[in-house]
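**Student:** In order, the protein sequences belong to chains A and B.
The first sequence begins at 1 in this note's numbering and counts up by one.
The second sequence begins at 1001 in this note's numbering and counts up by one.
Derived from the structure by calculation, the hints contain no laboratory data.
Keep in mind that the hints are not guaranteed to be accurate.
Estimated spans, in silico, between C-beta atoms of each pair [said to hold, decoys possible]:
1) Asn1226/B / Lys87/A: 26 to 32 angstroms
2) Thr189/A / Gln1266/B: 41 to 47 angstroms
3) Glu172/A / Glu1284/B: 48 to 54 angstroms
4) Asn56/A / Asn1280/B: 54 to 60 angstroms
Using N, Cα and C, we set each Cβ at its ideal position, and we do this for glycine too.
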Amino acid sequence: MKIFFLILSFFMFSKAYALEWPSGLFKADTLQQQFFTPFKNYFVQVIESHAIQPKNGGLIIFDEGEVELEIDWVQNAGILSLFYRSKNSELVIFVESEGELNVSEIALLNFDSLFSSPSYRLDIPKLNYSLSKKTRGNSVNLTFSPAWGNIFFEQKITRTELESRMWYNCSECSGEPILFRQIEAGVPTFFVGELVQSVSPQRYLSIANRFYLSGISSQSSTLLSQLKSSYSFPSIGD
Amino acid sequence: MLRLVFLLTLVATINLKAEIPQGLLSVDRILEEIQLPINNKILQMQQNFVETRSSSVQTFTSQDVVSCQSGLSVQPGSPILRVVTENQILPLKREVKTYYGCNQSQSFREIKIDTLEEFRYQLLGPDNLAIFTLLKLKSPTEIRSEIYLTNQRVYLIQERSQGGTEEFFYFRFPFQVNYNQAGFRININDTNEVSGHYLVRQYSQGFLEIFSPQGERISKAEFIRNNGFRGVNFFIDSVLQDLPETKFISSGNQNQNLINELRNAQTFLLSNTNLNYVRNLINEYIKLAEDGELQDNR
Chain A
1 MKIFFLILSF
11 FMFSKAYALE
21 WPSGLFKADT
31 LQQQFFTPFK
41 NYFVQVIESH
51 AIQPKNGGLI
61 IFDEGEVELE
71 IDWVQNAGIL
81 SLFYRSKNSE
91 LVIFVESEGE
101 LNVSEIALLN
111 FDSLFSSPSY
121 RLDIPKLNYS
131 LSKKTRGNSV
141 NLTFSPAWGN
151 IFFEQKITRT
161 ELESRMWYNC
171 SECSGEPILF
181 RQIEAGVPTF
191 FVGELVQSVS
201 PQRYLSIANR
211 FYLSGISSQS
221 STLLSQLKSS
231 YSFPSIGD
Chain B
1001 MLRLVFLLTL
1011 VATINLKAEI
1021 PQGLLSVDRI
1031 LEEIQLPINN
1041 KILQMQQNFV
1051 ETRSSSVQTF
1061 TSQDVVSCQS
1071 GLSVQPGSPI
1081 LRVVTENQIL
1091 PLKREVKTYY
1101 GCNQSQSFRE
1111 IKIDTLEEFR
1121 YQLLGPDNLA
1131 IFTLLKLKSP
1141 TEIRSEIYLT
1151 NQRVYLIQER
1161 SQGGTEEFFY
1171 FRFPFQVNYN
1181 QAGFRININD
1191 TNEVSGHYLV
1201 RQYSQGFLEI
1211 FSPQGERISK
1221 AEFIRNNGFR
1231 GVNFFIDSVL
1241 QDLPETKFIS
1251 SGNQNQNLIN
1261 ELRNAQTFLL
1271 SNTNLNYVRN
1281 LINEYIKLAE
1291 DGELQDNR
């Protein structure tokens, strides 16, 4: 009985002192969701509106009886290679991950199984795009790398400290670095700019939304448009 | 002993069977479509009238004169609906619900039988003749589901498992129903001749391969367009005709738009129409919830 109360009080104690991430403030998971969800939604619609033929290590998508896109996947030495072939083009996506992957889901651009992986790298060489995640202890780093540069996100969560920062690395970027920080028994604090100037949460979120989050979302829609226009990915009537 | 072994094999086999792929017509969905308006009607009766319950009888009365949809008027205090439920567990699980509407005689009856080998749902009219029957026969090698309107078989779905792949065969039969009974009339005419069957193959990764009766590969969307089960709402409206008019009552107007949107989405899901609308609506709710504009006060 004593042990039960000891365990119970341990959990109550831990909960009482655990810092809560402010609601509405993005985390690594939120950013990944924001980036990947349009791809997943697109392919759900493709699969519903097109005839398909599964094959060993792949899938064929038809449009009015004709092959529109052929997908093949090969996993070798920890790297998953996905090949998308249409009549006139071929695109390759490479995925390298520490965690277990759901290959057939990823082939349909559903990256849910990547989220739980502590580290991964996604490369689309022909579109000059890559995205990587690295976890070191309590820190998670995400790097979105379109052709023009990089957007970095770093998050640290411990029992006594929360921190996130975002910044650009490119020659013609318009966003200032942003930083959120909260320590035990303190209030959340928000900073902007190279000089680490303290700002209100509203100002912080406005900059985050305008220069970072909307940028990441627009990358997803740009990539999807390129897949459809340059690599003959199926149209879904949009 | 032999029977026990057979039953155990049957349980094991049936438990291994996959569900009909999401979004495709299944007898469970058809049953849902039949029962939802009846359940909603009872819910509205509970909101609009006075309900008294004994162990097996639910009675609804009103303190005012009630005009029924059939044109009858029911005096204050007289039952406008009685639902009598009979339950039996052995030797088989059987539930019979009889609905006595405004004219005090049987309006319709629901019979549900559930055993390891069979599931049966029947909707009977005032004359105790079947209007709708759903029959699901479960054997170690397949599940065979049949839908009947009056005594005509209109749908047959067979489910089989083959080397990790599930196969579903959809047979649709042309039919014509003219059912005229005191209080309501049903006229359904579906004479579209369909020869052969649709075949849906579900692979272990979840991919669906679908073939038309002509053997052509088709999309899931096209399959759904050709394999709906329309007309049921009209049919159920006729069945509920001997009950008074009712309406949903909500606690306030604050959530009315949300309720209406969710009801529409539910209807679209049940009828497999406007799925993009439902998808977009859910995305919109997620965004509103993330932005703090949709509050969860549970």
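**Student:** Does each hint hold? Answer for all of them.
**Tutor:** Evaluated hints:
At roughly 29 angstroms, the beta carbons of Asn1226/B and Lys87/A sit within the given window of 26 to 32 angstroms. The hinted range of 41 to 47 angstroms is satisfied by Thr189/A and Gln1266/B, whose Cβ atoms lie roughly 45 angstroms apart. One distance hint, 48 to 54 angstroms for the beta-carbon pair Glu172/A and Glu1284/B, is violated here, with the actual separation near 34 angstroms. Between Asn56/A and Asn1280/B the beta carbon distance is about 36 angstroms. The supplied range of 54 to 60 angstroms is therefore violated.
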